[in-house]
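Sequences listed follow chains P and E, in order. So the first sequence is numbered by this note's numbering: it starts at 0 and just counts up by one. So the second sequence is numbered by this note's numbering: it starts at 0 and just counts up by one.
Please note that the accuracy of each hint is not assured.
Since copy identity is lost for identical chains, a pair holds within one copy or between any two.
[What the hints assert, rightly or not] In silico DSSO-like links for lysine-lysine, alpha-carbon gap of 30 Å or less:
id, residue 1, residue 2
1, Lys280, Lys186
2, Lys41, Lys247
3, Lys257, Lys276
4, Lys186, Lys96
5, Lys225, Lys186
6, Lys225, Lys286
7, Lys286, Lys96
8, Lys44, Lys96
9, Lys300, Lys186
10, Lys88, Lys225
11, Lys10, Lys96
12, Lys88, Lys41
13, Lys88, Lys44
14, Lys186, Lys226
15, Lys44, Lys55
16, Lys257, Lys10
17, Lys44, Lys158
18, Lys155, Lys44
19, Lys286, Lys226
20, Lys41, Lys155
21, Lys155, Lys280
No wet-lab data here; the hints were simulated from the structure.
2 protein chains.
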Amino acid sequence: MIIDRLIEKIKETENPTVVGLDPRMSFIPSFIQEACFEQYGKTPKAVAEAFYWFNKEIIDAVSPFIPAVKPQVAMYEMLGACGMESYIKTIEYAEEKGLIVIGDIKRGDIASTAENYSDGHIGRVFVAGHHFEIYQEDFITINPYMGYDSVEPYFKNCKEYAKGLFVLVKTSNPGSGQLQDLDLGGKTLYEHVGSLVSQWGESFIGQSGYSSIGAVVGATHPAQAKKLREQMPHTFFLVPGYGAQGGKAEDLAVCFDKDGLGAIVNSSRGIIAAHQKAEYKGRYDEKDFAQAAKDAVLDMKSDLRRCI
Amino acid sequence: MIIDRLIEKIKETENPTVVGLDPRMSFIPSFIQEACFEQYGKTPKAVAEAFYWFNKEIIDAVSPFIPAVKPQVAMYEMLGACGMESYIKTIEYAEEKGLIVIGDIKRGDIASTAENYSDGHIGRVFVAGHHFEIYQEDFITINPYMGYDSVEPYFKNCKEYAKGLFVLVKTSNPGSGQLQDLDLGGKTLYEHVGSLVSQWGESFIGQSGYSSIGAVVGATHPAQAKKLREQMPHTFFLVPGYGAQGGKAEDLAVCFDKDGLGAIVNSSRGIIAAHQKAEYKGRYDEKDFAQAAKDAVLDMKSDLRRCI
Numbered sequence: 000m001i002i003d004r005l006i007e008k009i010k011e012t013e014n015p016t017v018v019g020l021d022p023r024m025s026f027i028p029s030f031i032q033e034a035c036f037e038q039y040g041k042t043p044k045a046v047a048e049a050f051y052w053f054n055k056e057i058i059d060a061v062s063p064f065i066p067a068v069k070p071q072v073a074m075y076e077m078l079g080a081c082g083m084e085s086y087i088k089t090i091e092y093a094e095e096k097g098l099i100v101i102g103d104i105k106r107g108d109i110a111s112t113a114e115n116y117s118d119g120h121i122g123r124v125f126v127a128g129h130h131f132e133i134y135q136e137d138f139i140t141i142n143p144y145m146g147y148d149s150v151e152p153y154f155k156n157c158k159e160y161a162k163g164l165f166v167l168v169k170t171s172n173p174g175s176g177q178l179q180d181l182d183l184g185g186k187t188l189y190e191h192v193g194s195l196v197s198q199w200g201e202s203f204i205g206q207s208g209y210s211s212i213g214a215v216v217g218a219t220h221p222a223q224a225k226k227l228r229e230q231m232p233h234t235f236f237l238v239p240g241y242g243a244q245g246g247k248a249e250d251l252a253v254c255f256d257k258d259g260l261g262a263i264v265n266s267s268r269g270i271i272a273a274h275q276k277a278e279y280k281g282r283y284d285e286k287d288f289a290q291a292a293k294d295a296v297l298d299m300k301s302d303l304r305r306c307i
Numbered sequence: 000m001i002i003d004r005l006i007e008k009i010k011e012t013e014n015p016t017v018v019g020l021d022p023r024m025s026f027i028p029s030f031i032q033e034a035c036f037e038q039y040g041k042t043p044k045a046v047a048e049a050f051y052w053f054n055k056e057i058i059d060a061v062s063p064f065i066p067a068v069k070p071q072v073a074m075y076e077m078l079g080a081c082g083m084e085s086y087i088k089t090i091e092y093a094e095e096k097g098l099i100v101i102g103d104i105k106r107g108d109i110a111s112t113a114e115n116y117s118d119g120h121i122g123r124v125f126v127a128g129h130h131f132e133i134y135q136e137d138f139i140t141i142n143p144y145m146g147y148d149s150v151e152p153y154f155k156n157c158k159e160y161a162k163g164l165f166v167l168v169k170t171s172n173p174g175s176g177q178l179q180d181l182d183l184g185g186k187t188l189y190e191h192v193g194s195l196v197s198q199w200g201e202s203f204i205g206q207s208g209y210s211s212i213g214a215v216v217g218a219t220h221p222a223q224a225k226k227l228r229e230q231m232p233h234t235f236f237l238v239p240g241y242g243a244q245g246g247k248a249e250d251l252a253v254c255f256d257k258d259g260l261g262a263i264v265n266s267s268r269g270i271i272a273a274h275q276k277a278e279y280k281g282r283y284d285e286k287d288f289a290q291a292a293k294d295a296v297l298d299m300k301s302d303l304r305r306c307i
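Please model the entire structure based on the sequences and the hints provided.
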């Protein structure tokens, strides 16, 4: 079970942190930008290559200290085909370095279409009897609005290829409550989705006691997260919203179980753009941006371990 | 307003049909498959090129008779970067032929990420002062589970570049009710989402009386669609589920207004794989698969016009 591997890596690194690989041109040091512009012109291709270069250096610096990375596909998809290539190469590189990869794709569609997303991202694509592994994330994120038959097509590949999902339950954005907090008469929509996700995950529970079908639960809603943690004892949480979005270590402690497991906390710009923060700026030259990311990872680790 | 252009095209063609460009290798005639395998090997690239070739011939045959096409990005995304290239080339080709393009992408994410999807798909991507148009669909589909702040980033580009959205309200799949039909005390979740979508669309109402912010309402749920049509008089419906998914023209007549406008009905495999259906198989050689698609479009047009 992939969830057991993730938990093993969290124990090894003593760090329930996932680094969000959500590059933006404004984060990329000028020497990388210039080199890529020189080679590819001022084009989306140059940006895609700059992202990959940037990601590789970040991965090299932080991979000994973290269990997982979470590339956000939107940053790459925005650039077109060359961006998707950069996304795929980033996944491959992170996996070579022993990291678990959570593809933040938030897909959701009717069953026959979900099969295509599933085969491309976490399964196999067959061409005239040959098979190809295209994206190969270890986990992907999924949107539940269309119901069980839109999620079920991922389960076959999760079983067959030891992959996992994180289904959106209670997201970190300020407006998440507009639908998710609606009252269904005694419980909210996100609580209802939470109980569906824990049912769906029952046949994916590993030796760790957690399921490879996890839930996205934002760090920015501690009271809700606390209820969900109690309600879903076998569901692992992917927790976005720490740092830039306002979630604090104190708030998200409720996402963890008594052994300090049960969740992995994402930080994106707080780590990958650390070299631009006053805190780290003085320590390193722009060329050493990845060292600033490493320091930010270690600071986040201490911050989390102080609270959980 | 893009919605007015769509309605103009519907009036011109007298046909509220959108052809779903959701190619699968099993639909592609063997002469195309073989030529692509010969050129590119038995690879995802060959499939991507076969899809584009197939789409082009379909577009050539049907474009005089329909207002719009709806490529489903999953079919292309599954193949990796080469698939996204095929998706982009398909959009470009359809627009060259005067068709409106609805990108069926069903994205949904926090605001800062939604901006990236929005800029890539319906806006501009800026690279060192130069701008690029990457996907350039006219409309895209969007998932509302994360609430207003996950949808709002698309509005800026809709305004600036005359683009539109179709937000998932009541989807066509059998399990759509699992969340969407939940009772919020007097109204269902999909009705609630419906009223949000009509509010969001208020400042995008064109001369036609319809908004460029539309709704996805499945053909497979006529009773619900009827209520939504009454509840959302200014919201244009994108109606999936006709044909292969079981929706009949009689059922979806309720999606239209008294002038026979207000909705566009999608058919994918019923049209693009018509050459494999008993009904059309006898008429044409495999090489003329696109003529079968044209016949299927005209049959669907008659079927719809009989009921609306």
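Hints, verified against the model:
{"no.": "1", "hint": "Lys280 to Lys186", "verdict": "neither (46 Å within a copy, 53 Å between copies)"}
{"no.": "2", "hint": "Lys41 to Lys247", "verdict": "neither (38 Å within a copy, 50 Å between copies)"}
{"no.": "3", "hint": "Lys257 to Lys276", "verdict": "neither (33 Å within a copy, 59 Å between copies)"}
{"no.": "4", "hint": "Lys186 to Lys96", "verdict": "neither (43 Å within a copy, 51 Å between copies)"}
{"no.": "5", "hint": "Lys225 to Lys186", "verdict": "both (15 Å within a copy, 29 Å between copies)"}
{"no.": "6", "hint": "Lys225 to Lys286", "verdict": "neither (41 Å within a copy, 61 Å between copies)"}
{"no.": "7", "hint": "Lys286 to Lys96", "verdict": "within (21 Å within a copy, 49 Å between copies)"}
{"no.": "8", "hint": "Lys44 to Lys96", "verdict": "both (25 Å within a copy, 28 Å between copies)"}
{"no.": "9", "hint": "Lys300 to Lys186", "verdict": "neither (34 Å within a copy, 45 Å between copies)"}
{"no.": "10", "hint": "Lys88 to Lys225", "verdict": "neither (37 Å within a copy, 47 Å between copies)"}
{"no.": "11", "hint": "Lys10 to Lys96", "verdict": "within (17 Å within a copy, 57 Å between copies)"}
{"no.": "12", "hint": "Lys88 to Lys41", "verdict": "both (21 Å within a copy, 21 Å between copies)"}
{"no.": "13", "hint": "Lys88 to Lys44", "verdict": "both (14 Å within a copy, 17 Å between copies)"}
{"no.": "14", "hint": "Lys186 to Lys226", "verdict": "both (11 Å within a copy, 26 Å between copies)"}
{"no.": "15", "hint": "Lys44 to Lys55", "verdict": "both (17 Å within a copy, 26 Å between copies)"}
{"no.": "16", "hint": "Lys257 to Lys10", "verdict": "within (14 Å within a copy, 64 Å between copies)"}
{"no.": "17", "hint": "Lys44 to Lys158", "verdict": "between (36 Å within a copy, 28 Å between copies)"}
{"no.": "18", "hint": "Lys155 to Lys44", "verdict": "between (35 Å within a copy, 25 Å between copies)"}
{"no.": "19", "hint": "Lys286 to Lys226", "verdict": "neither (44 Å within a copy, 60 Å between copies)"}
{"no.": "20", "hint": "Lys41 to Lys155", "verdict": "between (42 Å within a copy, 25 Å between copies)"}
{"no.": "21", "hint": "Lys155 to Lys280", "verdict": "neither (47 Å within a copy, 34 Å between copies)"}
When held up to the earlier numbered hints, the structure conflicts with 1, 2, 3, 4, 6, 9, 10, 19 and 21 and fits the remainder.
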